[in-house]
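*Asks:* Listed here are the chains, written in short residue letters.
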Amino acid sequence: MRIALVTLAALVLLPLGAGAYAIRLATLIFMWAALAGSWNLLAGYGGAVDLGPVVYYGIGTFATANLMMKAHLPFLVSLGLAGLIAMAIAFLLGTPTLRLRGAYFAIGTLALAESAKQLALAWDRLTGIPLTGGSAGISLPLSAGYLPFYYVMLTVMVLVTATAFWLERSKFGYGLRAVGENDLLAEASGVDLHRLKRRVYMMSALFIAWTGGTAGYWLSYINATEAFGAATTFQMVVMALLGGLGTPLGPLAGAGFLCLVSELLGTRFVYHYLIAIGSIIVAVSLFMPSGLMGIARMAIHRGGKRAETAS
Amino acid sequence: MEGHRIIAILLLLTFAGNSWPSARGAQAKEFRVGIPLSLSGIYSRDTALLKEAYDLWAETVNRQGGIRVTGTGYPVKLIYYDDESNPVKSAQLVERLATADRVDLLLGGFGSSIVFAASAVAEKYKYPYISGSASADPIFQRGFKYVFGTLNKTFYEVEGAARVFSLAQPKPKTAAVIGADHLFAKLSADGFKKFMGEMGVRVVHFEIFPVDLTDYNSLLLKVKRRNPDILLVGSLFAHSLRVMRAAREVGYTPKGIAFSYGPTVPDFIKELGKGAEGVVAVSEWLPTLPHRDPVFGSAREWRDRMFRRWGKEPDYVQAGAAAGAVAQQKAVEALGLAPPLSEKDREAVMQQLHKQDVETLYGRVKFGADGAIVLKPPIAVQIQDGKFVLVYPTEIGGVKAGKLLYPWTKSIVNGQ
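Top line first, the protein sequences correspond to chains A and B. Taking the numbering used here, I'd label the letters of the first sequence as residues 3 to 313. Taking the numbering used here, I'd label the letters of the second sequence as residues 174 to 589.
Honestly, the hints are just simulated from the structure, not real lab data. Being a predicted model, the structure only gives us computed values, none of them experimental. Hints are not guaranteed to be accurate.
As a list, the in silico DSSO-like pairs of lysine-lysine whose alpha-carbon atoms are at most 30 angstroms apart [stated by the list, open to error]:
1) B/K346 / B/K395
2) B/K318 / A/K72
3) B/K250 / B/K297
4) B/K250 / B/K344
5) B/K299 / B/K447
6) B/K367 / A/K72
7) B/K443 / B/K573
8) A/K72 / B/K299
9) B/K549 / B/K503
10) B/K297 / A/K72
11) B/K224 / B/K428
12) B/K443 / B/K395
Here chain B stands alone, though its shape is the one from the complex:
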């Protein structure tokens, strides 16, 4: 008797695969861009940032008459699905977008494990998968042809925030490096450690802590006991906040402090206020950089549009995501491909993405053979008077860096 249920399920299932997804054909010609994102679950907060960047890109492109292909403009339609921060679901949704919805293009999601799973399916169906927020080196070591990233690879990404301390007067002699046990955060910590070694700064304490650690005070007490000149943290946003609070609670004020991610998220300054002064952060982008952009005009204009649309300062990860969308758009335009895109078309887009070198709001987007961005100098910023000031490298695209506030101790004491 229970077999009936199974047959019903089976029928539903066959039905599911073949007839639910909208058949193409009858629709107006447009570029359908599939985006599996973690709209719920642990990555949802970070992913919301990506969605803002993608939404603004689509709105702007559509206001300009769509993606221009040999004189005709085709509007962009974004198709979002929620992967619940679950890689299994993410892979499933990419397969759905590729085989059932038959979208023309994809854009990537947040979180390394998500990107790992999703990009494997994208590779199988020959869809370029550009992530503006995955930078973990192993993603680019799989020999994939269709995976691209607009952030610098993690190891290299933290270089600026490490080397900036060689500009400090007096030069720091000792450092503590801590990092959350998370693919990106741990790689950042490894990177920090390596660059400290190269700079001749002695690492007196190195610790990888669990990603869901609750007691940050004892972690910071251990650091405090070693009393290093500077503290470098491999972190995600949540870790950066907790480390800052714990440092204040245990009364540890290093001369310099840097994070691999966190301080550039607008909530960081909002939550810490004056306590955020002097913090150094890895960045990849600033609105003041003189980048031109074919869709948004310039870095500054993009920042203004983002601010008007969402009411807050955009983060560099959002800039990276927008640049990925722009780069893919430019590849399609350069090839003169009108929708719907075939597998051969997408293969051409992939080759074009490997070949092209476009200037965007985010800087030059040129991908290396492994799909990771090249020619992008690692940037470090410091929070000074509640604003991000470029402190490394000393000059980039004609923009001069500000002076590194060091030691920051003075600023935090004055701030409190």
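Here chain A stands alone, though its shape is the one from the complex:
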């Protein structure tokens, strides 16, 4: 706990001592950690592999942008409202889709995300209500500085991680993990499986929408193809798996590791670094299925009892 607080304090103060680029890199890591962490909430604890979380990223992006540009609301207010919109949509979409199990849920959500992309692309043309700008996208005003993005992303990441810790310890979390481990058994022993999953689904939709809304304004340009692109989903999944599925800090480790490795290798070996990253991911998933957190746990166990008691 103390370590967590010290780390958090260090991250809050980091912008004082770091250069603009370090801040951007940190913001990026927080962003991916928040996204991978949100995905981990449902997949890691509830056992439901969602391949369409990017729907809420896109919704968050466009809702925030429209509230800012059309309703002229401040960024943070728009972001907050965008999160609520995403939760409401998650409620509507989650109600039928979360009844699907296993691979059907994965395929269903993947299809959902693709449909959402096509709908967003065609929205303006079909409805006559300009919301997404079609394939042209929406250009946002430049923000005064990048520091707000750092703190918003940090906050979302902290909230996601706190939620994961809460899931590890609360009764709600036990119920959810029971569902993740054996849903039929959990249901038979009185867990309202569907409601539990839907709540987590909505929570993760909220966090993902906040991340998306922030990223959109940060980039100052959004379009449906990118905002609803499956690449974002896959990166979330890879980071969560790499870090360690079903652990609160796994997604953070996965996001930090991948971003930093890509930074380190990408700037030195511009033409070959992707091969190296691919090999790392394959190696981790083959030899260390419990991810980076699994390695960390093993290292600590071998390191002796001291660390063990501290945890």
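Given chain A's structure and the hints, the job is docking chain B onto it.
*Replies:* Here is chain B on its own, set in the frame of chain A:
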């Protein structure tokens, strides 16, 4: 216990920002030009073309003793990074180049979403960002001072390939306009439609199709059913190939066909062979145009150098990219700025770019207040005997246009 990991990451992170990038100072004096490009991902194929043009520019300049500033030559060093065709990464890399690598200048990448994201960061750090391959109108509607483009704005870019059909005998009466749902391709389709209206050609079918459409046959069947005289396509390279193949498969042979992008990519003729005959394409440049260039000599010489270096005909987008690099070089030379360039220097380069009017291999490079190129006539070319022949406008810089092959139906039937 897991906190240790986080602290390690945090340490790495601080380390990352402050000490990795090479500190300047001790290096030899040179112009360091940062170029975030999509070397992997969906734009990688198109981006490879830009890289060829930039590489040749740097090699040529360095062979000539570098960028000449008040009598001294400073070599050019290109620093490429891969943005993986991802705008988030592209913005990140521009920030890296600006704040950590502290490059002197930038050159732009490919793809509108990439250029949107990258130019916003470039604007913040006051780096002129010249793209030779982004032409979507909205890029120039953001009120940026540091974004420049050497291609005509999309809407205007397709005008030549539309108006060329007013030279056809007999004049076409009906047209179909289709376009991929992609920023550039859709804008092209909108442009085609507008110019058809102005020319009095009736658009009997207008359709925007998904950018990743797989079934082109039903799309072309719909067009065929309307039987328009000409077909105009808002496209990227991949769409142009698929439309051509599907048109052949469904047996649709319009009297004229034009694309906003695709046919000028060398692979188009290579893949379609005789089937490419008669196709009209938007262009901005031809090696036969009488343009002089301060670095390469002339349009023709640049083409020869490109051909020798890369073993294939250069595309007009490459010419546009090379011209952007030349224009920026000329601005630096005119101002007499030696590296390293400060923020104030770069601001001066931006103002000089807005002010100057230089003749390059690509034609006159003069930017308007919004950063888009002005005074550049839209050109249309037609593939005749496997070569690009200027067909619109009727005369440009003393070069006379060839005769438009119309209807092209005859040529495709003979070709097969």
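*Asks:* Each hint needs a verdict: does it hold in this structure or not?
*Replies:* Status of the hints after comparison with the structure:
1. B/K346 / B/K395: 18 angstroms, holds
2. B/K318 / A/K72: 25 angstroms, holds
3. B/K250 / B/K297: 23 angstroms, holds
4. B/K250 / B/K344: Judged against 30 angstroms, a Cα distance of about 52 angstroms means the pair is violated.
5. B/K299 / B/K447: Violated, because 49 angstroms separates the two Cα atoms, which is more than 30 angstroms.
6. B/K367 / A/K72: 28 angstroms, holds
7. B/K443 / B/K573: Status holds; Cα separation ~27 angstroms.
8. A/K72 / B/K299: The given pair, whose Cα atoms are some 29 angstroms apart, holds under the 30 angstroms limit.
9. B/K549 / B/K503: 19 angstroms, holds
10. B/K297 / A/K72: 24 angstroms, holds
11. B/K224 / B/K428: 37 angstroms, violated
12. B/K443 / B/K395: 28 angstroms, holds
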